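**Student:** Spelled out from the first residue to the last, the chains are:
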Amino acid sequence: MLGNSPRLSSFLEHYGIVVIVVVMMALLYATRPDVFMSLANLTNIIKQNATLALLALGMFVVIVTAGIDLSVGSVMALGMMCLAVAAKAGVPWPIVVLIGPLVGITAGLVNGLGLTVLKLPHPFIMTLGTLNIARGLSSLITEGAPVSGLGREVRYLGQANYDFGIFPPPTGLPASLFVVIISAVGMWFFLNRTSMGRHIFAIGGNTHAARVSGINVDRVLVYVYAISGFFAGLGGLLLAGRTDSGFPLAGQNAELDAIAAVIIGGASFFGGRGTVLGVMAGVLIMGLMRNGLNLNNVSPFWQQILIGLVIIAAVYIDVLRRHAAVRR
Amino acid sequence: MKKLILAGAALALMTSTALADKFLLDMKGPGAGNPFWAAVEAGAMEKGKELGVEVMVMSPPTESDVAAQIAQIEDMIAQGLDGIALAPTDPNALAPVVDAAKAAGIPVVFVDTKGTNEGVTFIGTNNEVGAKLAADYICGKIEKGSEVAILQGIITQSTGQARASGSKAGLEACGMKVVAEQTGEWDRAKGQAAMENIITGNPNIKAVFASNDNMALGAVEALKSAGKLADVMVVGFDANPDAAASVLAGEMTATVAQAPKNMGAFGIQALVDLKAGKTIDPVIDTGTVLVDKSNAEQYK
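Chains A and B, in that order, give the protein sequences. Each position in the first sequence, counted from 1, maps to that position plus 10 in our numbering. Under our numbering, the second sequence has 165 at position 172, and the numbering climbs by one with no breaks.
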């Protein structure tokens, strides 16, 4: 259905998702030309979606192995609470900023080991367990009270903004954007240029074949969940910085947004397929949609419905694209 | 002597738990999850001690887990008890189980959130009046005809509805222009994001009413990073300790205090009265107070 040009088809295969992002931006520009392309609004979109981008990167590695990590939202909250309490207790900031990611890695290791050592039948189960455990721990730490006032250094990654002398003050490039870019490039390199990365794709493509060909599948899976946990913890550090607070109910349902972004970005739920660029585009699509609907004062109920429709539509377009590619 | 008193106290405690009337306070969310519920719980426990009755406190493990709350109440009715003070997660969903309790001869009162059952007393804040109080405060501080915004809670909940409509009515009544109404779902990060979008689309707003303090504090962060905190006044609702500190620091301008301790205390008192065969008012207001720099210290 996409015509017979193999070059067009290959272009769409790799960059079709980016075309969707551009189309969405054009649509938003058409509805609110005065606001949408303003520097302030573009800065907002970046700031509001940095955490989701990190969660989605972690979720992506897991989904490439045909797994799932439901615990990311709760683990993010746990990392946030731990670092907020530590900051309040006067722990020096270089240690505080490490706490978020370290809590995340620990939770991820628990997920990975639970999956491989306990041999639970599906990661859904192990991470559903840790979703609840981490959320409970987050509330337990302070008996549910939020913790505010974290200090400038701790807040830096989540809050700093570089105007480079060219942007008018409230606008600019947020530090969180650079965290996301570095994370995305690092993830691309890891998945495409290291043997571990190739093993991850191999496991997702066909676990049995990967095992037979000598890949230590269990070891790779433990790493994969630790990576996902790391990004959840880093997301917690960013969100804590942005809100100047740790609150135990942070990131509720964030795992579902992360899964949606990864799937919209073209990764296969059955593993072995997807790109970092696609995931970033998926995050942008979710973010642009929320931003556009908010700017147009669309009711939150309609927003939910539209997001649901976009998830279905995005994956359906992907299915059509794939059919076209196979028939050729 | 001291030992004797302790032994006496222990004995009194044991006998009282064995013989005293047993009342249940079932809240929307755990006291450990939210200082508000912790205060409701404390009020009920203190009142219970004062009146010499046993008070059990329960809640669903997470706020708004309707099914868990229904199951809890069903279990407690089966065990038998002398009265239930209920903060329903969802009034309609909880209505049948409230009817079941009444059919079993167990008195019920609603605290915090009004239920739908006829003839059941409601003890709590009039949220519309509270939100109007905040709106009137804003009206007194900024020029008539100014652009203002409202950060809504979850408006499928009656509290979210009442605060949204009460503030809107109040602001419009005094001639303010409500240019944006967006939800932050009671959440600090979501409130912050909504506020960022509001000030981008409406750069001239002079005030925002946030339906709870979490969102108000998020709005403060959004205004700070946009360099607009001096131009936009932020009024919240709940008077939680963080908000009180923010008011004292001159960031938030004001907030509205409910009296959660009264809800717990009045709830238990009402049940004891009902048990004794007295009649009680259909609505008992626990009151709201405007909190600004002059009185924020006591809420810290």
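Hint data in this document are derived by calculation from the structure and do not stem from the laboratory. This structure is a prediction, so every number in the text was calculated from the model and none was measured. Any given hint could be a false lead.
Facing chain A, according to a computed beta carbon distance under 10 Å, are these residues of chain B, among others [unchecked claim]: (1) 38; (2) 42; (3) 46; (4) 47; (5) 193; (6) 235; (7) 268.
Cβ coordinates follow ideal geometry from the N, Cα and C atoms, glycine included.
**Student:** Flag every earlier hint the structure violates by its number, smallest first.
**Tutor:** 1, 2, 3, 4, 7
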